[in-house]
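J.: Once you've looked at the hints, dock chain B with the ligands against the given chain A.
Residue numbers (the working numbering), protein chains in the order written: chain A, 1 to 251; chain B, 1 to 423.
One should not assume that every hint holds.
[What the hints assert, rightly or not] No farther apart than 27 angstroms at their CA atoms in a straight line, the calculated lysine-lysine pairs in the DSSO-like style are these:
id, chain 1, residue 1, chain 2, residue 2
1, B, K195, A, K77
2, A, K118, B, K195
3, B, K14, A, K118
4, B, K195, A, K113
Hints in this document: simulated from the structure, not taken from any laboratory.
In case you want the letters, here they are:
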Amino acid sequence: MTIRNALELKGVKKNFGRAEIIRGLNLEVREHERHVIIGPNGAGKSTMFNLISGRLKVSEGSIKLFGNNIHNLPAHKVNRLGLSRSFQVTNLFQNMTVIENLRCSLLWSEGHKYAFWKSVLGQDSVTERAYELATRLNLTEQLSTQVSLLTYAQQRSLEIGCTVASGAKVILLDEPTAGMSRTEANDVVQLIQRMTGENTLVVVEHDLNVVFELADRISVLVYGEIIATGTPEEIRNNEAVQEAYLGTEVH
Amino acid sequence: MATNTAAGGINALKLWPWLIVPFIAIVLPFVFDSGHTINLLSHMGVAIIFALSYNMLLGNTGLLSFGHAVYFGLGAFVAMHLLRAINDAGGTGLPIELLPLAGAAAGLGFGVIFGSFSVRRAGVVFAMITLGLGELVHSSSLMFTDFFGGEAGLFGYRDEAPSLLGVDYAPSRNVYFLVVAWTLIAAILIYLLRKTPLGWMANAVRDNPERAQFVGYNPTIVRYIQFVLSACFAGLAGGLFVITNEIVNDEVVGQLQSGAVLLGTFIGGIGYFIGPVVGASLVTFLESSLSAHTEAWVLYFGLLFISIVMFAPMGLVGIVHTQYLNWKAGGWKGNTGIRLYILVSGLVGIFGLICVIELSYHYFRSWDPGAPFILMGISTNATHLLPWLVSFAITIIGFGLMLLHGNPLLKRHISANSDGGKA
Ligand SMILES: Nc1ncnc2c1ncn2[C@@H]1O[C@H](COP(=O)(O)OP(=O)(O)OP(=O)(O)O)[C@@H](O)[C@H]1O
Ligand SMILES: [Mg+2]
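Chain A extracted, bound-state conformation (with noise of 0.2 angstroms):
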């Protein structure tokens, strides 16, 4: 039996008025597994997210999700076909509390979509499952706690939450460990594990300790090209990505 491929890149290109900042990336993402991607600073990892997501508009190449083509769909629609994602700045609805987010994120997987004649409280199985969620993201102490007064680690955690909410079956996080201590890391790495079960994971991590602790494979971006993909330990050994990226920084 083949295993399917939830995310496939196919001569993807992506440039900024003059700059090519992604210059013909291929990728395939197999579906259940977590891919991590790693790549010096200004690889073009974060463009690469917004190209899937459709945030941005791809310059040229191929993007399909489960077969379907997605690329230059608008981000919404995106996220219908079963995507969702973080971003590397947090980025909540500031205003709400915490399991006003995580209903918010509920309302159109539990297909409410547009409906101005039922109370979203009155919404048995969005409640139990906006309360199930902040029991897993360790979140119950802060329910009615405005986002923007969590701590930043507690805002990560609660990305990852509304991003696994929206009922995407692919899960993309860019940098999720970013700005955080060894501890923190550690939590939101088991957090991550705990979170996103039976999905299909891409992560950009710069945290090396991070990356071989979740990946089950990785692709190392360099210069908006995959030089590399392969098993932790393909990767550890492949002397192209010593040479270009890990060399550099690990001795």
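T.: Leaving out everything else, chain B with the ligands in the frame of chain A:
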């Protein structure tokens, strides 16, 4: 089910304003029974619905509109044409109580059409489009005189229409009760809309349209539905306006009307459901009472608006709410006197400022600046030095005490207390 009973308990607590306010509204015309006051109260009701509909855009969805009068005004014109048709048919047709529904339908219809291109983008683009649309509709009102009645406007007679309840709407008090009923219905509906998935996502889109997309929502559609519903309620207010005024002219679709609703909503407080209620009532009241007392009333409006924008962006309701929270948290303990002192000195300063403005207005605007006029109950001559000196002195002393003495005193008191708490 446990959550349901908990919610029920909270709801019972939150229910009382919904009983008290209508009760006061019903009692008021028996206390103040002059025709003028009752008309004023009716206008407040209309303004409240209009402002609540406006805040569905500004407060709930984060859309700043400069042309909301378009939907109010077009609703009013459509309702007026219907009323005239009823008059012409010898008083048969739609009962007068339901006339606002015609306005609402018109608001909805124009909201569907104009909204489709207004809400493509939020922010500045949206604001500019609404401004342009407002101008467009207002200038067409002077071109298409058949529909808009030209400069004279259109008349209709509310007592020459059938009544569902058998009420005679010639007396303005009966009209007022109809206004109260519609205001209550509209307020309840607008309040409940905030509790729905659409209402929640309107807030979400206001806070972060991008995140809303990544949980599956199209921000443009959220804004669009919200816009259409808001236009519908604005039209309802316009239809009600036809009943209270029996005349509409081009002013109802004009920029002044659009500006007034923005002012009122903001002064009341866009972050609170009752903000627009308070703001619209106050602005309507000031408009009619100030304009009778002083020529400078527009200036006072501007000053009030600017001070709210600069010093209390959460509006008057916001000021009261923060002070209330502060008081409840014990923040007033031992410094209530200082707070009162700040309030009183501030009021003295404002009093002085009003005197200065009135003097200037008289001096620069009247034919004969030397003619005596009544200022704060005292006959004054604006060409003499003394009244100017006294007015400036009061202003400076009032604001001076507040800013240089009261405020630092309060700050020191609070920090001394918190230090004491730590020690
Ligand atoms: N909207 C934009 N317009 C122009 N240039 C851009 C834009 N977005 C990104 N870039 C450029 O593209 C390059 C790649 O940026 P990107 O954010 O994708 O890098 P990254 O791999 O995520 O880096 P980091 O590790 O620092 O997050 C950078 O040189 C950046 O300046
Ligand atoms: Mg990045």
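J.: Does each hint hold? Answer for all of them.
T.: Structure-based check of all given hints:
| no. | hint | verdict |
| --- | --- | --- |
| 1 | B:K195 / A:K77 | 25 angstroms, holds |
| 2 | A:K118 / B:K195 | 8 angstroms, holds |
| 3 | B:K14 / A:K118 | 19 angstroms, holds |
| 4 | B:K195 / A:K113 | 14 angstroms, holds |
Hint check: no violations occur; every hint is consistent with the structure.
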